[in-house]
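Q: Please model the entire structure based on the sequences and the hints provided.
So the sequences go chain by chain: A and B. Using our numbering, you'd call the opening residue of the first sequence number 6 and step up by one each time. Using our numbering, you'd call the opening residue of the second sequence number 6 and step up by one each time.
Repeated chains share a single entry, so a pair holds when one copy, or any two copies, can fit it.
Here are the simulated SDA-like pairs of lysine to any residue, each with C-alpha atoms no more than 20 Å apart in a straight line:
#1 K74 <-> V203
#2 K74 <-> T205
#3 K58 <-> R70
#4 K50 <-> R37
#5 K69 <-> A79
#6 K69 <-> Q55
#7 K50 <-> E131
#8 K74 <-> L132
#9 K28 <-> R61
#10 K58 <-> R32
#11 K50 <-> P133
Just so you know, the hints here were simulated from the structure itself, not pulled from any lab data. Being a predicted model, the structure only gives us computed values, none of them experimental.
2 protein chains.
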Amino acid sequence: MAVAERAGTGGEASQAGYHAQIKAENRARIIRAARDLFLARGYDKTSLAQIAKEARVSTGTLFKRYPTKAALFAAVTSEQWQLDVEYAAPPPPGDPRYGLDHIGRDYACLVSRPGTAALCRLIITELPQMPELADIVGTGFAIDRGPFFDRLRDYLEAEAEAGTLDFRSADEQRLSASEVAEQFLGMICSQFLWPQLVRTDFVPPNPTDAAIVDEAVALMLSRYGTGS
Amino acid sequence: MAVAERAGTGGEASQAGYHAQIKAENRARIIRAARDLFLARGYDKTSLAQIAKEARVSTGTLFKRYPTKAALFAAVTSEQWQLDVEYAAPPPPGDPRYGLDHIGRDYACLVSRPGTAALCRLIITELPQMPELADIVGTGFAIDRGPFFDRLRDYLEAEAEAGTLDFRSADEQRLSASEVAEQFLGMICSQFLWPQLVRTDFVPPNPTDAAIVDEAVALMLSRYGTGS
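A: Written out as structure tokens, the structure is:
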């Protein structure tokens with residue numbers, strides 16, 4: 006009896022594992038198909054039915070998970086920021102050189118991935134005619150910053166509280182962590198992402214060994230480091 | 006006779022002045038019409054004949070000055086950088102706070118003008134299908150930098166030669182003036198120009214009184230200033 010129960014439980018568990026695996030595979034195929042179609046045809050000219058067909062799932066399966074095209078587009082942009090990132094949470098405070106270096110490198114890697122520039126181009130092209138895209142890209146989660154902005158701001162605040170960084174401004178007031186985050190991400194983004202869109206002679210630097218992040222970190226520490 | 010000659014010369018001069026004025030007015034009307042049509046219909050869907058009609062000049066007049074649509078588009082983008090700029094040449098070296106502040110403010114003003122973001126959006130949208138645009142935007146004169154990049158690089162080199170700035174790198178080597186120029190313009194551009202394209206909730210800062218340029222200058226001086 007006990008053995009049969011265990012066997013039964015094991016069977017259910019493996020069946021549940023099988024269903025979870027199918028579900029994850031379906032999700033990955035849907036996201037990939039949606040991304041490919043959005044980038045090839047544009048947001049407006051892509052339908053949920055086309056995506057279901059390309060992903061080899063039923064429209065019922067697709068609609069259950071993503072009831073609108075905007076929801077699916079939001080999932081595609083989120084996915085663009087999810088892979089290969091070391092810090093889901095900010096690093097612990099105490100060593101701003103280490104923390105900024107790692108956040109900066111992860112960010113450089115993600116904005117350098119070809120899909121990021123392509124999605125960015127798509128949004129820039131279609132945004133004026135597609136108010137539904139505004140809800141996705143307009144509320145902080147823009148394609149040039151993803152979840153990085155909030156993480157970096159929280160991290161900078163933690164370093165300031167720990168006394169390792171001091172955000173003095175040019176007029177001897179205090180800058181907010183958000184203002185400093187804009188400087189840091191802006192310097193990196195403007196050398197990895199934007200030139201891909203407006204300069205045809207641009208050769209993207211290798212984000213894993215480029216000195217660009219090192220130099221951005223050095224600028225931050227020269228200005229805001231307390232030496233403690 | 007002498008009087009008649011002077012009168013004749015004066016008449017010719019005023020006639021030459023009249024022709025020059027007509028020519029300048031025609032040019033301004035052509036650039037304005039081209040810009041309006043490019044932004045309203047896109048580069049591909051705008052013809053030189055439409056521009057001539059909108060500018061109220063003959064197609065002969067238009068073709069004589071701008072034999073191709075690409076040449077006219079290049080003139081439109083150049084014009085975008087020409088107005089209200091204090092420094093056609095770099096400021097004299099010796100006071101990097103003054104020089105960077107002025108170059109930074111002029112640059113912030115130009116990238117903040119609505120036409121800059123609109124032209125940028127047009128280029129980003131049409132660049133993949135329009136190889137003729139690549140010659141205009143791909144060779145250093147991208148819409149995010151115009152003539153500013155070369156001016157700033159030359160200025161930074163002059164300050165380094167004067168000993169007022171020292172471009173040490175994070176690994177104790179030397180950065181080039183171009184690398185430092187990328188940092189400075191990138192920080193400003195990423196807070197004035199790019200957010201207009203990808204964030205619908207973005208409220209552009211006022212470039213003439215925003216602290217963003219002050220803080221970018223302060224960062225540069227903290228890192229590269231020699232104190233001399």
